[in-house]
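Engineer: Starting from the known structure of chain A, arrange chain B on it as the hints suggest.
There are 2 protein chains.
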Amino acid sequence: MRAFGSETRVPTLVAVLDLIRERGTVSRVELAEATGLTQASMTHAVRKLMALGFVHEVGTARSGRGTPRRLVGIQPDACYMVGVQFDRFISVGVVVDLAGRVVVRRELPRAGERVPEAVLPELAQGVQSMLAAAGAPRDRVRGIGLATYGPQDREAGVLLTQQPTPEWRGFPLAAALEEATGLPVTIENDATAAGIGIQALGGSSSSFAVVFMSGGIGSGLIIDGHPYRGSTSNGLELGHISVDALGPDCDCGNRGCLDNIAGPIAVSGRARENPGLAARLGLGQDPLRDFTEIGRAAVAGDAEASELIDTSIQRLCVATVTLVNLFDVGRVVLAGHAFADVGPLYREALQDAFDNTVFMRQVHSVKAELADDVAHAASIGGAMVVLRNILESQNSVGREPATG
Amino acid sequence: MRAFGSETRVPTLVAVLDLIRERGTVSRVELAEATGLTQASMTHAVRKLMALGFVHEVGTARSGRGTPRRLVGIQPDACYMVGVQFDRFISVGVVVDLAGRVVVRRELPRAGERVPEAVLPELAQGVQSMLAAAGAPRDRVRGIGLATYGPQDREAGVLLTQQPTPEWRGFPLAAALEEATGLPVTIENDATAAGIGIQALGGSSSSFAVVFMSGGIGSGLIIDGHPYRGSTSNGLELGHISVDALGPDCDCGNRGCLDNIAGPIAVSGRARENPGLAARLGLGQDPLRDFTEIGRAAVAGDAEASELIDTSIQRLCVATVTLVNLFDVGRVVLAGHAFADVGPLYREALQDAFDNTVFMRQVHSVKAELADDVAHAASIGGAMVVLRNILESQNSVGREPATG
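Here the protein sequences line up with chains A and B, keeping their order. Counted the way this note's numbering counts, the first sequence spans residues 34 to 437. Counted the way this note's numbering counts, the second sequence spans residues 34 to 437.
Hints may contain errors.
One copy or any two copies: either way a pair holds, since identical chains are not told apart in the list.
[What the hints assert, rightly or not] In silico SDA-like cross-links for lysine to any residue, where the CA-CA straight-line distance does not exceed 25 angstroms: (1) LYS400 / GLY106; (2) LYS81 / GLY92; (3) LYS81 / ASP172; (4) LYS400 / ALA84; (5) LYS81 / ARG103; (6) LYS400 / GLY168.
By construction, these hints were calculated from the structure, which means they are not laboratory data. Quick caveat: nothing in here was measured; it's all calculated off a predicted structure.
One chain only, chain A, in its complex shape (with noise of 0.2 angstroms):
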């Protein structure tokens, strides 16, 4: 399969790190040959990357009767970068070095129906209490990424949204916690940060479409190692897409939306309409918690719970049938907490519905997977973002023209 068509991309110093940390220690002459660089452009970049501290030299390795290469590494506690995904439900932060593993990993205090005023305190307190844990030391916490729904003023750092009460919309809610930390906060689409999340913990060279499942149901695309951002940065609204265009009408003025017919919310809305089911699984709780509860009964084989989950599964599946049949991917990856449990029973019908009925699968096939840490990649996905801008801020090289 071909990459994504987009001539003029150039590997970045994102690609490059991306490439050191999976190596684990390699060679400038490796480094070139794997991104299609020249030596002078990847020596060029590793330089940049070494000011930073960000990689050293770590001995040498001799191929053959050549000159022996020099290798180099990340330097793994060079920087820190906090990462929390938040929403009305959810609210998970991690500490992340720079060789991507995860320090510290926590639950924080979700937003639920307050005002920001309320939560933002609680969310700082948090953060500073991993920090500690992390013990990392606080001239190299380099900031902390937000993966958070849209809509959302990525740059502003803003929520577009009423939910959960209007007191958020418009909110300077990068800003305040800023204030409250004394960090650089970032704002980031939790789908898109899944996907950087899950691209960080698997590898830089890939193109994939994230569908991301918490409070409501998000999606992302990364391409060719970008997420794709569209014009604003709130496109791929799989949740807010019809599956019925008779459905029911939805706040975001649209109808039959995907996530009143199949996420969380809609889901254990349902469950607890059946006063035995509720009983049984003990709902009453929250929506993502009731879900998650509904999910573990229907893998463990509970004919009610199988059901709600089973018109789930099968409107996300034409809901990503279509993504896929818009974006032309050849991988979808499934994360967030919704999927925790009953993740696999999605993924087996998602392939089932890519080998059967998207357009292309005559031409390629699409593969369904699960994250490797289906909770945790959106926020791991948060830390790196924070990672990302620091390295997109070193774009000082100018620019030759791509003459094609």
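Structural biologist: Coordinates of chain B only, in the frame set by chain A:
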């Protein structure tokens, strides 16, 4: 609105030539300013275009007290490209000069239900006849861009579908047309070609989606001047996304596909079930011509025709809102023969849907437009694909890493 966020994209020869075409006559300094390239890079790019004979010096201009600036302009007759949009129900061709002007446009033999061996000689004959009419010197005719339906193996120049007859699947379409005409042939998705045509005619800096309706419904996406390709150029199949999860099975493997509910074949099929309407409008030709009659009647206020068109519009709106919610575009352009008469009704309904139901409407507006040359955008785009291939093959400048 920010650009599509691909930080590593760089301007290309295609963009430089588009800009010269737009401006008429322009200095290198102005070109450098408009593209963000250095003057040295722009001088290099212009030199390449001059070596191809595409651009020449056209005089000087003095601004203020400085040295007069030399101006460059396009050499319109430096080369000619043939574009053909081709499917079962329609086939149209154009000969385009380097200035993007359509020198000849003509209806060509369509596939109908015939095997490729019957169609190809007629198509080749049509191309030869257009070229004769254009009076283009043979050595300046650079190739044929054949805009057609998918799935396709664009690289190999082969269709991967049994439409309209099983013999078309795997038939070496590009090679056979090359053999028959003596000209290089590139195949391109018809909706993507329409996007390239719209861009070439309307400015170089754009990001937008295309909804293309001919025999079937498709879509395309231009991001910062580049077509979105996905992994195999087989994405954006708007006609094969489900708008009714319980709808009829489709040959593509999916169910409730937009094409089978809103496309010309579906609408004309439903119209023919109404003998009074069919007689009144003289239906019973082919689906696309019937659809055109139904559309004209709807525009003229025929109640029965309007009801059929309204159903099509409603479902096309649902699917196009999905397209917008996933790709986050600010502009959707309608193109293709099916929109030639009835296009304004679709455009108006889409604008209403965008204003009221797209997910990111509080972040930015989304504009619905009809292409300027709605019936020929895809064939013109096919011709421009030939030009793009020439320019992209000039990509011999070594690339520096974008260290961001």
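Engineer: If the cut is 25 angstroms between Cα atoms, do LYS400 and GLY106 qualify within a copy, between copies, both or neither?
Structural biologist: Result: close neither inside a copy nor across copies, 32 angstroms intra and 49 angstroms inter.
Engineer: Could you place LYS81 and GLY92 in one of the four classes (within, between, both, neither) given a Cα distance threshold of 25 angstroms?
Structural biologist: Result: close within a single copy only, 19 angstroms intra versus 45 angstroms inter.
Engineer: With identical chains treated as interchangeable, where does the CA-CA distance between LYS400 and GLY168 reach 25 angstroms or less: within a copy, between copies, both, or neither?
Structural biologist: Answer is neither; intra-copy 40 angstroms and inter-copy 51 angstroms both fail.
Engineer: Give the relationship of LYS400 and ALA84 under a CA distance limit of 25 angstroms: within one copy only, between copies only, both, or neither.
Structural biologist: neither (40 angstroms within a copy, 46 angstroms between copies)
Engineer: Cα distance capped at 25 angstroms. Does LYS81 pair with ARG103 within a copy, between copies, both, or neither?
Structural biologist: Close inside one copy (16 angstroms), not across copies (40 angstroms); limit 25 angstroms.
Engineer: Please work out whether the CA atoms of LYS81 and ASP172 approach to 25 angstroms or closer within one copy, between two copies, in both situations, or in neither?
Structural biologist: Close inside one copy (20 angstroms), not across copies (50 angstroms); limit 25 angstroms.
The structure is inconsistent with the numbered hints 1, 4 and 6, although it conforms to all the rest.
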